[in-house]
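Enquirer: So the sequence lines, in the order shown, correspond to chains A and B. Per our numbering, residue 1 is the first one in the first sequence, and the count goes up by one each step. Per our numbering, residue 1 is the first one in the second sequence, and the count goes up by one each step.
Any given hint could be a false lead.
A pair counts as met if it fits within one copy or between any two copies, since identical chains are not told apart.
[As the list claims (entries may be wrong)] No more than 30 Å apart at the CA atoms, straight line, and that leaves these computed lysine-lysine pairs for DSS-like:
| # | residue 1 | residue 2 |
| --- | --- | --- |
| 1 | K222 | K152 |
| 2 | K244 | K222 |
| 3 | K199 | K152 |
| 4 | K161 | K244 |
| 5 | K222 | K161 |
| 6 | K199 | K168 |
| 7 | K199 | K161 |
| 8 | K168 | K222 |
| 9 | K168 | K244 |
| 10 | K152 | K168 |
Worth flagging that the hints you see were computed from the coordinates, not collected in a lab.
There are 2 protein chains.
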Amino acid sequence: MPDRPISTIAFIGLGAMGAPMAGNLVRRQFRVTGFDMREAAREALVAAGGAAAASAAEAAAGADALLLMVVNAAQARAVLFEAGALAALAPGATVILMATCPPDEAEAIAAEVTRTGRHFVDAPVSGGVNGARGGTLTIMVGAPAVSFARAKPVLDALGDKVFHVGEKPGQGATVKTVNQLLAGVHIAVAAEALSLAEKAGIDGRLLFEIMGGSAASSWMLKDRGPRMQEPDPAVASAVDIFVKDLGIVLDAGRAARAALPLAAAAHQMFLAASGLGHGARDDSQVVRAYRALNARPANDA
Amino acid sequence: MPDRPISTIAFIGLGAMGAPMAGNLVRRQFRVTGFDMREAAREALVAAGGAAAASAAEAAAGADALLLMVVNAAQARAVLFEAGALAALAPGATVILMATCPPDEAEAIAAEVTRTGRHFVDAPVSGGVNGARGGTLTIMVGAPAVSFARAKPVLDALGDKVFHVGEKPGQGATVKTVNQLLAGVHIAVAAEALSLAEKAGIDGRLLFEIMGGSAASSWMLKDRGPRMQEPDPAVASAVDIFVKDLGIVLDAGRAARAALPLAAAAHQMFLAASGLGHGARDDSQVVRAYRALNARPANDA
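Only chain A is shown next, with the shape it has when bound in the complex (with noise of 0.2 Å):
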């Protein structure tokens, strides 16, 4: 049955973003049986209105969807390749992979299950928690058109801005890949601003009201800008998401045989920042790393 619409779907990885995720598909009445190695994660789902399975392989068992929303593309291996999910889903299945990966690493995945005659869809997220649980979630696809069109329905239920990017796997996760080289150069570029502004004596908040309101503008300034004024702001995301994130970036790069000579320069500052003990910290304290380096002097009596 290779046309029959997507209706049950094995969800794998309720974390912070993967449980507001399934949570949505199960308002929008697809069946959703979910598994996550944290048992209050199931009970969530449960207590959401789907099913939990003991394992990623009976998650999948027959159904017409597997979608991954794991930390990285070794769990989704793991997941598909030793865990047995793959090889338990219906035949003509469509694997929908939503996790941040590298390009090539997600068209390595493809050529895997397709070579079993199932549905791949390279489809990363952009837009956080919230717009996880607003199902207004950024989702950019690569995949064939037919792959595409049997996985729409589900993804419209996730996210409100949904583009088909291109034909190949690992052009979504290019796109992907392409925002966050974006993002943490955006945020990098910020705390250079405010170092040097800082080093001249200009109060770092006017600074950014009057930034904020230029064409020297993004948003990430607006946004990371007020947090870097704090000394330990809560924290949104990690300088250490960036640690990695700007690592594929720069992965993909080096697959594809191109320089990116800026978002080098921005993982070189993340990676000081991380060695300077601020990994866990919020991403603004990049912002750190700058002021080691660019400190006014002190006045060693």
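Go by the hints and put chain B onto chain A.
Expert: Quick look at chain B alone, frame taken from chain A:
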């Protein structure tokens, strides 16, 4: 009469920015005498209700304020110290430097002006020709409070976002420098992102549509991104302007002993674009340097 409010203004530099700014001062009832090397520019000011002088010193003779909207610090020095405009001003007059200058040069000029007993206001602008015409410029002022207060009615005629960023001349120039740091890096990183996406076969228009609605957005990405898709867009501001302005940014970092790795990397890309023969093209064409680096390999037959 040191406390007499500013009534007569010598305006030097009646270019694309200066001409409409001088017109706005005339409309606010200031008595404006202008000077520019180009006769057509002087005639335009007379037509707008101002007066024209045959030299900078003649324009400055006995004036309450001297407003400099010249190209750079060297021109400002030439007008003030070589052409004799400073000495011609009324005692206690106010010099308002609105050109984009390196912070240390603004500071040095300030020292020479204040030595004669006159006020100095470091007041660079952003907002472009549209802001100059509409009187909606952003003005970033470094000056002692008393000097700022004297200049304020003049500045209010030119901009609607007038910020007193510090008591020291050079601090206004620093904020303008930071503005150019952010703007230049944001243009270059948009080009870097586009070049990576193009290499993966992603449509640039779709890419910027997605990025413009995400946390990866910037003012420059939305403004310059579409022009990066055009083969040779109309020049709003040239590649060589950012060769100059990011040069000022790096000179400011050098003078302050501040490392600015992203600004330095972005400057290299604008330099390369200029070296490839694109210096006079629209600054969005920094993407040509990235395309030269990251082009997809040609199929040599």
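Enquirer: Looking back at the hints listed earlier, which ones does the structure fail to meet?
Expert: Failing hints: none at all.
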